[in-house]
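*Asks:* Following our numbering, the numbering of the sequence shown begins with 1 at its first residue and continues without gaps.
The hints are simulated quantities; they were obtained by calculation from the structure and are not laboratory data. Backbone N, C-alpha and C fix where the C-beta goes; we use that ideal spot for every residue, glycine too. Please note that a few of the clues may not be correct.
Unchecked claim - Taking CB as the label site, the calculated pair distances span: (1) L52 <-> V24: 31 to 37 Å; (2) L3 <-> L34: 28 to 34 Å; (3) L34 <-> W11: 15 to 21 Å; (4) A22 <-> S2: 25 to 31 Å.
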Amino acid sequence: MSLPYHIGNGWFGGFLPTTAFAMVAATGDIYYGLWYPIVVAAATVVIGLLFLPETFRRSIDR
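With these hints in hand, go ahead and build the complete structure from the sequences.
*Replies:* Right, dumping it as structure tokens:
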């Protein structure tokens, strides 16, 4: 469980400054680089809602 977390954190977090700077340089808008972390966070929420099972009123001891 730790290896996928750290690989994902390295890719998305490590390239954040480079990607955000490239987006700002391409558009000229200093706030345009904020879209990258917003989109990554939104994708994480959507994927989590779709693929994590609901555990309400279920035994999680199995």
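*Asks:* Does each hint fit the structure? Answer for all of them.
*Replies:* Evaluation of the provided hints:
1. L52 <-> V24: 31 to 37 Å: 34 Å, holds
2. L3 <-> L34: 28 to 34 Å: Hint holds: Cβ distance 29 Å, inside 28 to 34 Å.
3. L34 <-> W11: 15 to 21 Å: 19 Å, holds
4. A22 <-> S2: 25 to 31 Å: 30 Å, holds
Every hint, counting from the list given before, is met by this structure.
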